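Enquirer: Protein chains in written order, with the numbering used here: chain A, 1 to 93; chain B, 1 to 329.
Just so you know, the hints here were simulated from the structure itself, not pulled from any lab data. Keep in mind it's a predicted model, so treat the numbers as computed, not measured. Backbone N, C-alpha and C fix where the C-beta goes; we use that ideal spot for every residue, glycine too. Take these hints with a grain of salt, some might be off.
Unchecked claim - If you want the footprint, here are the derived chain A segments under chain B, 3+ residues with CB under 8 Å:
#, region
1, 3-11
2, 28-35
To be verified - Mimicking EDC-like on lysine to aspartate or glutamate, the simulated pairs with C-alpha atoms at most 16 Å apart in a straight line are:
#, chain 1, residue 1, chain 2, residue 2
3, B, K245, B, D203
4, A, K86, A, E31
5, A, K60, B, D280
6, B, K141, B, D170
7, A, K86, A, D54
8, B, K178, B, E318
9, A, K39, B, D277
10, A, K60, B, D277
11, A, K60, A, E5
12, A, K83, A, E71
13, A, K70, A, E5
14, A, K39, B, D280
To be verified - A short list of chain B residues far from chain A (calculated; beta carbon distances all over 12 Å):
#, residue
15, K68
16, T70
17, S144
18, A161
19, D270
20, R274
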Amino acid sequence: MSSFELLGADFQTVRTKAATIDTTAQTINVEVLYGTDLKNLYPQFTLVIDAVLDPKIVGKVDFSDLSKPKEWTVVSGNRKVRKTYKVYLTVKQ
Amino acid sequence: MKKLSFKILMSFMLLALFLGACKEEEFQIPTASDKLQNDLIKRSLGPNIVGGTIEFAYAAGIVPEKGKLTSMTVEASIAGATGTYMDNKFYSTNNSGVDVGATVGDPSTTTGKTTQVVYTGNFSAATLRYYYKIPEEARGKSISFTFTAKASNGETISYQAGPYEIRSMDMQLDLMAKDGTDCFISIADMKVYNSTFAAANPDKIDLIYLYRSLTNVTYLHSLVAPTADPIYLPTFTMPAGLKNKSKIVKAFTVRDQQLARIQYGVFVDDVDLRTKDFADAPDFAINVKAEGGVWVQTADGKYNAYIYINTVNNTTKEMRISVKRLTVR
Numbered sequence: 001m002s003s004f005e006l007l008g009a010d011f012q013t014v015r016t017k018a019a020t021i022d023t024t025a026q027t028i029n030v031e032v033l034y035g036t037d038l039k040n041l042y043p044q045f046t047l048v049i050d051a052v053l054d055p056k057i058v059g060k061v062d063f064s065d066l067s068k069p070k071e072w073t074v075v076s077g078n079r080k081v082r083k084t085y086k087v088y089l090t091v092k093q
Numbered sequence: 001m002k003k004l005s006f007k008i009l010m011s012f013m014l015l016a017l018f019l020g021a022c023k024e025e026e027f028q029i030p031t032a033s034d035k036l037q038n039d040l041i042k043r044s045l046g047p048n049i050v051g052g053t054i055e056f057a058y059a060a061g062i063v064p065e066k067g068k069l070t071s072m073t074v075e076a077s078i079a080g081a082t083g084t085y086m087d088n089k090f091y092s093t094n095n096s097g098v099d100v101g102a103t104v105g106d107p108s109t110t111t112g113k114t115t116q117v118v119y120t121g122n123f124s125a126a127t128l129r130y131y132y133k134i135p136e137e138a139r140g141k142s143i144s145f146t147f148t149a150k151a152s153n154g155e156t157i158s159y160q161a162g163p164y165e166i167r168s169m170d171m172q173l174d175l176m177a178k179d180g181t182d183c184f185i186s187i188a189d190m191k192v193y194n195s196t197f198a199a200a201n202p203d204k205i206d207l208i209y210l211y212r213s214l215t216n217v218t219y220l221h222s223l224v225a226p227t228a229d230p231i232y233l234p235t236f237t238m239p240a241g242l243k244n245k246s247k248i249v250k251a252f253t254v255r256d257q258q259l260a261r262i263q264y265g266v267f268v269d270d271v272d273l274r275t276k277d278f279a280d281a282p283d284f285a286i287n288v289k290a291e292g293g294v295w296v297q298t299a300d301g302k303y304n305a306y307i308y309i310n311t312v313n314n315t316t317k318e319m320r321i322s323v324k325r326l327t328v329r
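Isolated chain B (complex conformation):
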């Protein structure tokens, strides 16, 4: 009986505690800061490659009664290459899904490491896009940015971005290889050459592009090293002196977004090129397909590369390729 009374007493105490703990608090609308504020997002994805662009969207705003924006400035730790700029418009999307820009001032000016847009309009808040063209001197280094907004009441605010690592690799987009003419591919130069150049510079030629429609077997579009077994070079006359035994590994699901520029979120990075295993790799890749690719190591072991096949054309016997290449030795 005593035990039962104790339990009932404890239950009442817990209930009282529970009810006491559930005191209702009214929602309060947060008070917005009346100071100049800013924020930043990095819009570009994937490895940062020399010659490529890093894109940011920098936003700043102030209560209209307190002032207007007067300028936005970006200072990079390494001066950007030609083509670095800040857009002098902010964008809104209309009912048709089209981004419509509103100009806030004159086009940006870039002096050394600093890019600036001076506001001439009457704007209290705006988001501007900044495009940093990665220069050669940033290769293999880290880079950071300071975004600064100023308001007419004298307030200044800054946002630090980075550091961002700039990769050591190179990238070349949209090389056209054509069977019978421009079919000699140089990884060292990241270019496609004709037979005259190949004969004059045999050391530079790492791959040969061929298109053959053979009976019985499927050959079609193929990438073959000059040293490959002649059965993989059907009806092809090799210019004298070509002797590079490139190592080639076929790939199919490596649709690098920077090379392909399609929807897949796959990126080939420095580490992929550096660590790719070429042991026992052959010197030919027969019947390669669009959206496929090949990993290549040059005969001298100096370069590892990934060649993405953007398109192939059976009628014109052409292949459009894009290349990422890393110097490994």
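Here chain A stands alone, though its shape is the one from the complex:
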């Protein structure tokens, strides 16, 4: 995974800065703007070629429970390697 984006209901980024992706710990930490509507966010992942995301993102995602990070699994092109990433959100205060 090379980058992570998070868009609001207006399809503008809600990040305050670039997300921190740790491919070893398999975590993504992202800080979002004050006043972000956490229930209606559109995550976007940039993956290596042929890799897929599981589950697929088909619409808005509810990130409002900050104590329970959302999880997505990146599946390699040959479908033999699976890495599950946790997405941790913090709201700028």
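With chain A's structure known, arrange chain B on it following the hints.
Expert: Frame of chain A; chain B shown alone:
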């Protein structure tokens, strides 16, 4: 050998056919009709909204030797509101790019559904503009027009336009909201009120406009429902009784042309307001920007609206907004 002869024969036959088919025809200049003729374009774009204007350009012409134009008449299926008229000038653009009008007769007269310009000058062809002010009684209905031109030789010609659907929505342009004073927005009234009115009519207040320049976080211009978490209403004293939990969805690329009056060809229509999904929508929109907007559903579910933000001013702490609103219940 026989096969080869056959092929050669066929080739000659095809060539002869090809050459025969290419008979040259000389261009002939089309013969113009010598009868009275007319044409029409609809100049206004976007949804037709009560209080708005539908604009047409109606052209008619006749061969000068056969006669002159004597009148142009428009009959609408529903009488237009005050302000409906037909321009008594036709326009040409001069070298400076300015439209210069030439008067063809007295200003138009409107009687009921009919608007007319009577020609007093010596004109065989002209294009006049017709402005139909959409009346309240046309809301939700279809409307059509009959344009008619008459010539001095007795000829008459007509052009049917429409039907055009008149939308159910309302539109209000250029409301000024000011932080600390006129900051209470009513979708029901499509007006901005002060705290005295808000305290006296708490049910009418759907949104509060605030401007705050906070340290650490970006708040700036925000639209917040009275029920929003107090953290989104910093240093704000809420008048008693305000309790509407409006649903708010931020938008950024919806620069409706009728609200914005800038170059973008985007129109919010009845169907957009009717079908907008407000499920899980919050009751606040923090840091909204000029040329952005918010979709709003009132707490009672009666109105869906789109508020376009025309301008914001950090110094005077003001926001100029324009609203389209549909009654959905």
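Enquirer: For each hint, tell me whether it holds in the structure or not.
Expert: Hints and how they fare:
1. For a cut-off of 8 Å, the count of residues in the region 3-11 of chain A with a CB near a CB of chain B stands at 4, and the three-residue condition holds.
2. With a threshold of 8 Å between beta carbons, the proposed coverage of the region 28-35 of chain A by chain B holds, since 3 of its residues qualify and at least three are required.
3. At roughly 10 Å between alpha-carbon atoms, K245/B and D203/B fall within 16 Å of each other, so this suggested pair holds.
4. Distance check on the hinted pair: K86/A and E31/A sit about 14 Å apart at the alpha-carbon level, within 16 Å; holds.
5. For the suggested pair K60/A and D280/B, the alpha carbons sit about 11 Å apart, so the restraint of at most 16 Å is met.
6. Pair hint K141/B plus D170/B holds up; C-alpha atoms about 14 Å apart against a cutoff of 16 Å.
7. Of the supplied pair hints, the one linking K86/A and D54/A holds, its CA atoms being roughly 12 Å apart against a limit of 16 Å.
8. Restraint check for K178/B and E318/B: satisfied, since their Cα atoms lie roughly 4 Å apart, inside the 16 Å limit.
9. Restraint check for K39/A and D277/B: satisfied, since their Cα atoms lie roughly 13 Å apart, inside the 16 Å limit.
10. Proximity of K60/A to D277/B is assessed by CA-CA distance (about 12 Å); at most 16 Å being required, the pair is judged to hold.
11. About 13 Å separates the Cα atoms of K60/A and E5/A, which keeps this hinted pair within 16 Å; it holds.
12. Among the hinted pairs, K83/A with E71/A is consistent with the structure: their alpha-carbon atoms are about 10 Å apart, no more than 16 Å.
13. For the given pair, K70/A sits about 14 Å from E5/A by alpha-carbon distance, which is consistent with the 16 Å threshold.
14. For the hint linking K39/A to D280/B, the alpha-carbon distance of about 7 Å falls within 16 Å, and the restraint holds.
15. No Cβ of chain A comes within 12 Å of the Cβ of K68/B; the nearest lies about 58 Å off, and the non-interface call holds.
16. With 12 Å as the threshold on Cβ separation, the claim that T70/B sits away from chain A holds: the shortest Cβ distance comes to roughly 56 Å.
17. For S144/B, the non-interface assignment is confirmed: its Cβ lies about 39 Å from the closest Cβ of chain A, beyond the 12 Å cut-off.
18. At roughly 38 Å, the least C-beta separation between A161/B and chain A is larger than 12 Å, which holds for a residue marked as non-interface.
19. Chain A leaves D270/B outside its interface by the beta-carbon criterion, the shortest separation being 21 Å against a cut-off of 12 Å.
20. At roughly 18 Å from the closest C-beta of chain A, the C-beta of R274/B stays outside 12 Å, upholding its exclusion from the interface.
Violation of the numbered hints given earlier is absent; every hint is satisfied by the structure.
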